[in-house]
Amino acid sequence: MRIEGDTVDAVRESWLIEDRWWTDRPLRRRYWEVVTTAGRDSIVFRDLVDGRWYRQR
Amino acid sequence: MSSYVELHAHSAFSFLDGTAQPEELVVAALERGHTAMALTDHDTISGSMEFAQAAGALGLRAIHGAEVSVRDERDPASPDHVVPGRAVLRGAVWEPPALRHVTLLVRSELGWRNLCRLLTRAHAHTRDATRRRAIAPSVTLTDLAEHAEGLVCLTGCAQQGLRDEPSIRRLLAAFGPEGLRVELQRPFARHDRALNRGLEGLARRLGVACVATGNVHAHTWERARLQDAFVAIREHSTLDASEPVRRGNHAHVLTTPEAMTSRFADHPEAVAETARLAAELRFDLTADLGYRYPYADDAGAARTLQGICHAAFDSRYPPGHKRREEAVARLDEELRLIDGLGLSGFFTLHHEILELAREIAVEVRGVGTARSLLPPGRGRGSSVSSIVCYLTGLSHIDPIKNALFLGRFLNEEITALPDIDLDFPRDIRAELIPRIHRQFGPDHSALVAAFPTFRARGAIREIGKALGLPPGEIERVARASEGFAAFKVEEDIQRALGDGREKLGRWEWLVKLAEESHGLPRHLSQHSGGMIVATRPLVDCCAVVPAAMEGRQMVMWDKDSCADAGFLKIDLLGLGMLSAAERCVELIGKRRGEFVDLSRIPYDDPEVYETIQRGETTGVFQIESRAQMASLLRTKPETLDDLTIQVAIVRPGPIQGGAVNPYIARRQALRENPDFEVPYDHPTLRAVLEDTLGTIIFQDQVIEVAMAFAGFSPGEAEGLRRAMSRKRSEAAIRAYHERFVEGAMRTHGASAEVAQRVYEMIVGFSGFGFPKAHGAAFGLLAYQSTWLRVHYGPEFLSALLDEQPMGFYPPDALIHEAQRRGIAVVAPDVNSSGVGCDVTAEGAVRVGLGYVVGVRADEVEALVAAREEGGPFTSVEDLAARAGAGRPSLGKLAWSGACDALVSAEVPLAGHRRRAALWRLGAAAPGVRVRVRGSGPGRTVEAGVQLALPLPLPEAPALPALGAWEAMIADYRTTGVTTTTHPVALLRDELEAQGAVGTAGFAELRHGQRVRVGGLVVARQRPGTAKGIVFMLLEDEAGTINLIVSPELYDRERLAVRTEPLVIADGVFERHPAAGGQVNVVVKQIRPLEAPDRPLAAIKDFSPLDLVELERNMGADRDRGAPRRARFGGLQETEEPAATGTDGGDFRAVAPPVMSFAQGRRR
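Order-wise, the sequence lines are chains A and B.
Sequential numbering from 1 applies to the first sequence in the working numbering.
Sequential numbering from 1 applies to the second sequence in the working numbering.
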């Protein structure tokens, strides 16, 4: 698995957000905090509503 | 045993932190493949018995425990040192920030006892008398250490569990490595994995095993959403604003063992530990908890009971008494039955409690008073059918004379303890409860808990607020709601708001969430009167918590859980009418010097029965409601036996069973033709249904019919009755049905058709009904109260007014009805009224000063004491100086008209007096809060209230007079009643202009004529038995009007029907000859009664605006030397607005609360 060219080395944390279900824009996201082989720490999430992947930072 | 066992789950009994009923958890757990599961609610075991019972029935192994809050050890008094600001709210309870959680699981019986003791300790300080607000329950680590035996301790949840090594080491020392587990959870929050890695390391260092748990808060996704809403409710916040304290996802829904195993893939040992640990937790809550009631095992109890009965026997049935022989036989039979069932101790205990009540009655009533002649309490319910109860004083009804059937109360086959319910006057009951705590030991007695549940109205308000919906609209929806089932909130929104809002956004969520919340327990409360006493400390069986009222405590279980645990519940009920009857007897003694012994009054008084037959029973016990009055006109009771039937007749059982109309028709037929033959479906029914003319009106007749007609044994017949009244499984009822029909055909050769018909009569009765014994007890009190009403009208009214709330009618309606039959009622007056109501020498009822709303009881008492000591008040100034009441209270007294007499000399016109009194009061007792300069610039501190000085006052300026309408509003606002002009009389011109007829004009109307009527709503009802029809009772200045509103019209005009205090209706006038003169108006159109030209516009209401006007007047007076508002050097003052109405005379805001849709009285 790769993030912007970097291969994911390890998963530090993973968590889930299911919230704001009572609004027009419900939130359902699965987050991963990963470390890449290049030593970069990044947070990515998959939006479970639209099914797409995003990178937080 | 599956690989993963859930050891941490919350039910809705965690109150706003869990959304599943215990039974729902059990069902869901089994569906998802669990074989065992623990219930660990927050600081409570309230759901444990339900959980155990459901699990036992469905085949899940229940493990018991609780998640217990632990407060900081270094701060042992922390409940008293709540840090404001940082405190977290749970429900309406302040929770100190330092609370941590541990999960306790019960290993053995000893462990259960320790858990109960710990929870009792956790709650002991939650109602600290010195602090007004409830405090969150908690224990210290020391408490935990002292109760460690038999318990397994998990270190607690991911959010609030114990983390620090010193604390965990202390737990380890107390629980040992076999009794402690480090708890790992995976809520899918951001730092889970790091936390679990850390905890695992800590566990390794300490040599303690880890265990995985799921922290379940819901059993379905829908409920997980409700859980989010509950968090918002708990935090007094909204869903939008409570995000930081929410879980953030729905990982707390109960899932499968497999899913949990993979969730903890990093910690397989912790998963395996769940099953290993669960296997050790073998405590079974459904086994004997060791509860025994006092005398339960007393070998001499049978002889004691026999002695008590024989000692009383001769006074009840003296030699030569015509029923003596029958009574001897009945007593022998009952004593043998009771002994055989091992229940002698049960009766001895009840007798002892009644004797205690007798002692208390002497103290409370005083010696030699009129009421001291009355028994201390009396039985209700089926126990009244027992001669043992009669002789031990537990009942006041002779079961032989009344031919009462015992089988419903006692039979050879009963398996549960029988019920003895006792009614007491309120003051005696209030004293009895703490005395029982004292007599049996504070550890050995407690009240039974109750759990108010989410219903439509509460759900709409609370969840609506959490969703952030507009408060005004929420309120409209809540008021339009039917109030009971929260399944139809969609319709409520439709009705209140229209425009398809129920399908829109958050309103749609309200519909869904309200439905999910229906029936979930909301908080812990107290049962109306159930008391548990035990031979061993109750805390060994169930945790005990302080009740809201000081000196009372209760177990954490409701009546069903108590019954499942085998607890004996004694019902000690407060009955308002008993209090009122005692008060009335006392008043009669004081005023007329007559000592009335209600047990010796004539029971064949024609005047009493004539009154009852005319339906003039307002204020009387049980037979006063709208439906009862209508029925009285047709049944025309002539004896106490008739009244026994009468109080039982307007109940769901007889109504749905189709007994009411045949009974009434046969009564009428018999009245017209004494030779009328009452038809019976089968000859065997004659003996058991003769009294009720071939219909089933009493609960016990179901049993008697099953025995006489179908050959059932008493136990079998009682089983049939129970199966039907509880709507148990269809299968059980079907089995009884077959046995019934077969039995009837076999024993009496009845045809299948007749057997079926009789069975249907019984099935119809499945709703609630009275046992005959209960009817006899209540019928007697109905007669006694009518007798008081007929012969001592003013005293009776005065007693009723002082015992409110009670009965069907609000005090205002009681007063108007009394006035219509010539009883004078006068308004409160500071110089002649007492604290309570009383009767003047001329026989008028004078409303007490206690009726003035917002005046504290101690202020009223001080005022009356000052008057008795120093003579009547001579002026407003004198009142202000001597009464000892604060300015706001005096203002309310003045506005109620209670000070009118003090200004009558100088203000000749009555309409001007209230304002004049208020004005003088403003000048005499300005109620000015004096503030002095404090430290720092611009800072002031309160220095107290300026005292009233008996200074001569200037004359009041010319203030506008109070119109009649405005005075009436002021009456209602200050006292809830008006004694002068009826509000409808004030609207009579308006009503006439609109062509409405008053009750005074009814005599001239014909049956079937179109009519328009208007009046004040006194009651609204929609009985479940009436197919959606709404009955409204209106009152005008001359009488009452029954309105019948069809379901269609109700649907159309729901707000007018439900909420308007004054209505005008068009409809058809009905006076059926068979209805005995009863008048109904079948409504076609209904709308609020508005009075556009009432004197409202001409005379302004007294309001802050008037204060401005007053000040202007005073300003004008200034030049003439009137006092100015003082302004001293370092002192400033602030004026409190006068305590009077400000809402422009809107009657809606002050209308007396009335009986409205079975929700008790509402405005």
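FYI, nobody ran anything at the bench for these hints, they're computed from the structure.
Please read all numbers here as calculations on a predicted model, not as lab measurements.
Even glycine gets a Cβ: it sits at the ideal position worked out from N, Cα and C.
Hints are supplied without guarantee of correctness; some may be wrong.
Claimed, not checked - Derived Cβ-Cβ restraints for the label pairs, each shown as a range: (1) T23/A / E149/B: 34 to 40 Å; (2) E31/B / T23/A: 44 to 50 Å; (3) A38/A / E31/B: 16 to 22 Å; (4) R12/A / E243/B: 21 to 27 Å.
Unchecked claim - Now the stretches of chain A that chain B is said to cover, found in silico as 3 or more residues with beta-carbon under 8 Å: (5) 15 to 21; (6) 42 to 50.
Claimed, not checked - Take a look, some chain B residues computed to stay more than 10 Å from chain A by CB distance: (7) D72; (8) R193; (9) A194; (10) H250; (11) T453; (12) N673; (13) R686; (14) F1069.
Now the hints, each set against the structure:
1. T23/A / E149/B: 34 to 40 Å: For E149/B against T23/A, whose Cβ atoms are near 51 Å apart, the range 34 to 40 Å is violated.
2. E31/B / T23/A: 44 to 50 Å: violated (31 Å)
3. A38/A / E31/B: 16 to 22 Å: violated (47 Å)
4. R12/A / E243/B: 21 to 27 Å: holds (24 Å)
5. 15 to 21: Holds, because 6 residues of the stretch 15 to 21 of chain A bring their Cβ atoms closer than 8 Å to Cβ atoms of chain B.
6. 42 to 50: Violated - the stretch 42 to 50 of chain A has 0 residues with a Cβ nearer than 8 Å to chain B, which falls short of three.
7. D72: holds (29 Å)
8. R193: violated (5 Å)
9. A194: violated (7 Å)
10. H250: H250/B not clear of chain A: closest Cβ-Cβ about 5 Å, inside 10 Å.
11. T453: About 23 Å separates T453/B from the closest Cβ of chain A, which puts it past 10 Å; holds.
12. N673: Non-interface label stands for N673/B: nearest chain A Cβ at 69 Å, farther than 10 Å.
13. R686: holds (65 Å)
14. F1069: At roughly 52 Å from the nearest Cβ of chain A, F1069/B sits farther out than 10 Å, so the non-interface label holds.
The structure fails hints 1, 2, 3, 6, 8, 9, 10 (numbered hints given earlier, in ascending order).
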